[in-house]
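**Student:** Residues per chain, in single letters:
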Amino acid sequence: MSGGKQVTLAQMRAAQSGMILRIEGGHGLVNRLNALGIVPGKRITKISSMLMRGPVTIEVNRAQIAVGLGMASRIIVEVDEAPA
Amino acid sequence: MRKIVLIGNPNVGKSVVFSRLTGINVIVGNYPGKTVEYKRGHMKLGGETVEVFDAPGTYTLEPISDAEEVAVSMLSSADTVINVVDATNLERNLYLTLQLSERKIPMIIALNMWDDTKHRGIQINLDKLRQLLGVPVIPTVAVTGQGIKELVENIPKATSPDAAVRSRDEYWTTIGSIIEQVQQVAHRHHTWRERLADASVKPLAGGIIALVVLAIAFLLIRFIGESLIGYVLEPLFNSLWAPVLSKLSSLLGGGGFLHNIIIGKLIGGEVDFVQLFGLLSSGLYVPFAMVLPYVLSFYLVIGLLEDVGYLPRLAVLVDTIMHRLGLHGYAIIPTLLGLGCNVPAVMATRILESKRERFIAATLISIAIPCAALQAMVFGLVGAHGGQYVAIVYGTLFAVWVILGVILRYAVRGFTPELLIEIPPYRLPLWRAVLQKLWMRTYGFLKEAVPIILGAVLIINVLYLVGVFDAIANFTAPVITNLLGLPKEAITAIVIGFLRKDVALGILAPLALSAKQLVVGSVVLAMFFPCIATFVVLLRELGVVNMLKSAGIMISAALITGGLLNLIL
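From first to last, the protein sequence lines stand for chains A and B.
Numbering-wise, this note's numbering puts 25 at position 25 of the first sequence, and it's gapless, one number per residue.
Numbering-wise, this note's numbering puts 89 at position 89 of the second sequence, and it's gapless, one number per residue.
Okay, chain B solo, but in the shape it has when bound (with noise of 0.2 Å):
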């Protein structure tokens, strides 16, 4: 099958026009080895059907980062190339294009934001510009989809203008000459966008900015998350699978060892889809009931921060604290996100550029950062005791994020790269764009962690059937009772915690603690270990050797805390 790939710098509307080109039946394809995400698609090309590929953004074909090799490599087995080019930023993007046109590859470019360069005051002459650079010129909106058409019928007549291979200076000069000759900038004043957009970056204006929109952000993350939970999937799986399992537990037998694996012990004759560990009722019920909602719906919230070109600016603003604790400005993102569910915030240090960052923020995370299950839990448990017992679990944690951010920043080792980014205009964002993405990001949450995560529920459940957890149980007692002041019970709670922080702490509940407990208990479970979900993520994300030091970490760091609570409340 022939191969079209499209390339051009980040924040073009590179997806725009894939999404625009290609169906909805697109392929998210990981490099090997690498954490960059590519598209793959297809097109009908003149009864033909062709093979679309959207590469990484990049900004020359020299690489430098991982993103940018896999794009240079998937140029290699290209037979065209559309070249997606910034209208209202021709200079920089024509430094990719010269390169492009040294490559031999038969090349279009699309010539997009056609829309942006009249109110932005640029005039381009389009019939210069193809002459100079000797390619098809096909000026594009890919939002409105206007041109698209265009640049499918052209596609064809791509060619290869076969330019002789420059140095950096000559690729400035000629592009300088370029430029002279098609673009004209009439001077104009700043659109309220742009006012917007400079504001956003400014110390006292962007951090009111960033509050407000983290907090919509973060409330529309719970809301659409909590009414997916309650309203479809709680209900579909009390009323129309919690009978099957019913049917299905009388058929085996109402008990014994296969009954168990697949359902779980029934406490008191009835489904309880949590506490169960069954294969089929846990196993199910954690990924698609009590994950899926929150990673919908954090998807579609970052996708539309991503499209409307936020998120740059929040790196910005918070870069310099985040450098304290060996992160940059872009580890804000998956950190906050921890604070709705620690899967999603776990899956997203992928956008870090290094391992380390990588690491230290999963970390982080894992450790302090408590999800909105368990947040729930504390306000409800302990707040009972009073406002401030809750103001100790918070200001815990986050005091251990500070102190071991900075521990982590120095044992680690590597470097944390600088800040350097591209900060986009605001931009409306396109439905079908922000849609595709959230199915593709979806599917391949649930391709990966739905299998591993109903292996981890057998086995705890085998253990736990065997006498392991018992074993344990006895085995850490002391430390439980000695180190922490906890009941030895308060280990089934940990147990628990390890398939749901917020019902661990309703086993807490019945145990009649002092608040002083409550506040070691919560603490304790919050850092102590994630929950399964967050735990096949990081396996994923981290690798074996780095999710059992990160392990290592969180049980050291668990003790150490709430030991120290235990000496001083």
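Next comes chain A alone, as it looks inside the complex (with noise of 0.2 Å):
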């Protein structure tokens, strides 16, 4: 599952999975983000996206969070190449 696409979160399609490989973001950021489990390393699956820059749902763990679209613009993702 490796080289795939690197993207936002933000930028991520619906239904889409992949692996969080790092978030650029301050301490703060990152010790919010981290205590939903929302850490390097993990795989997670977009559910869905609001209309007009609204927030972002993801799966992580079997749990769904919402992230604030300007939180998943700093949060990288490496995509799953789509199966042919």
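Among the hints, a few may not be true.
Taking lysine-lysine and the DSSO-like style, the derived pairs with C-alpha atoms no more than 27 Å apart in a straight line are [as the list claims (entries may be wrong)]: (1) B/LYS202 / A/LYS5; (2) A/LYS42 / B/LYS128; (3) B/LYS128 / B/LYS157; (4) B/LYS118 / A/LYS42; (5) B/LYS104 / B/LYS118.
Reference listing, derived: stretches of chain B covered by chain A, where coverage requires no fewer than 3 residues with Cβ under 8 Å from a Cβ of chain A [stated by the list, open to error]: (6) 52 to 63; (7) 189 to 202.
To be clear, the hints were calculated from the coordinates, so they are not data collected in a lab.
Built from N, CA and C at the ideal position, the CB exists for glycine as well.
The two chains are supplied separately, each in an independent frame; assemble them into the complex guided by the hints.
**Tutor:** Right, here's the structure in full:
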């Protein structure tokens, strides 16, 4: 599964899965995301995103979490190659 | 007394475990200076009575928010910790568990939602988990009560695993290795509840679901509230309390200062609870017969929505719109509640994270969200002149809500944090937990609001009797007549509006106002000042200084909007 495209969580499409590579943010952001289990190395699936730059809903560890778009654009994900 | 503290992530059924362990005699506390609620109760443990605390849900022991700070400080006085863990989400829950295990406090784990693991295809090796964590682990299903007895029996066996302090990366490595050894997940298909859960955070389907849920919630709140008023409280006051007051009135000589303070000025010898302004008449009637029913019904419905797990989804749906007004998604909940009654709506602003958001939300609600009683009068009075006028009233209020929200967004300092919330799966609520919560919240309302309402009724009454209101009427007459184009008598309505807005609108009825004047009158009444009960909770939630600021915004906004309407129409 290596060598996939790197995008931000905000750019991922709904139903796409991938692995978190890194979080480009300060301590505060990293800590808040960490507490919810959003850490580099975690596999996530994007459930949906709201219209008009609304929050993104993801599934991580079988739990769903809504993340504001600003935060979502700072989470870098390596997405799985789409099955042919 | 020994202290047991229940601690765990949000949405793991901690409150349900708590309500299973303790009886009905539960006290809700507010941490000094914090808007975070916690619960305290008692339980028997082998002949001894121990205190049980339900700490606010927290993901870590590194305090990030108020709730987490409270949870951490409760921990320092705990003799035993019950860590409630969601068995279907072991991985994330273990982060807190590992942090707790460093605290050297005897700990026991309630592995809750145990039944859910089966249909979610999750297998957990309990013995292995116990061995790796070094503490007792009891599988529980708090909703049905399964495992609770065992949990209680094992509390004395709680142990402190005495783990070494780790860094953040070490936590996740440790968790990774624990999960690998104890958990197996089989692939399985989505259940209908999960499909519904996914649909409710998608733009289109979610929007439709939201409309349906809100419509039902709104109807239910009104139905329960109105039934309580119409069938229980009004008859009770009219047939039992009114005769007592009539007797008391003649005992006090039927008039005089004391009589008017306690009972009020009788109008044609009749006891009219709303217009009397007496301590024992309006002072009791307003909180118990007018506000309490809506508080009760609102808290019941909102408690259900909370426990089912719907509210976070609604917040996600409207987050974008609310951010334009300086709020975030969660603010939709108090705002909608305001359409029923502003009192619980302002109380509900507590769920918002920052002071700034609470201020904006509470101010917007008091100004631009008409309560159910007021709406009924708008339909009756203004609607008689044609539906287009009702539309103007609603349209104006909505425009004020949006415009004022945008202004406040830029004017009020501070920032509105981005949305970051867990969206729990849909769950069936436990009635016992819902009712426990309902009782605690209602009791909290009565304890805090009733004395202040009584005090306010007393003050208004004295001011009225001394003639201050007449002076105000004369003083403000130019504003009312010139700016708003209303007759001078309308000031009485605005003063009465402080007590009850629908009655105030009723006072406008005999004045033979034109449709335009009625529109201006209802808009100004809706915006001008909150009713006394809302005023009280505003004061409580915002504090004196912010309450005054909010009131200033209300008065200016009402006058500007009323003046503009008078010019345009």
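**Student:** Which hints from the list above does the structure break, by number from lowest to highest?
**Tutor:** When the structure is compared with the hints, only number 5 turns out to be violated.
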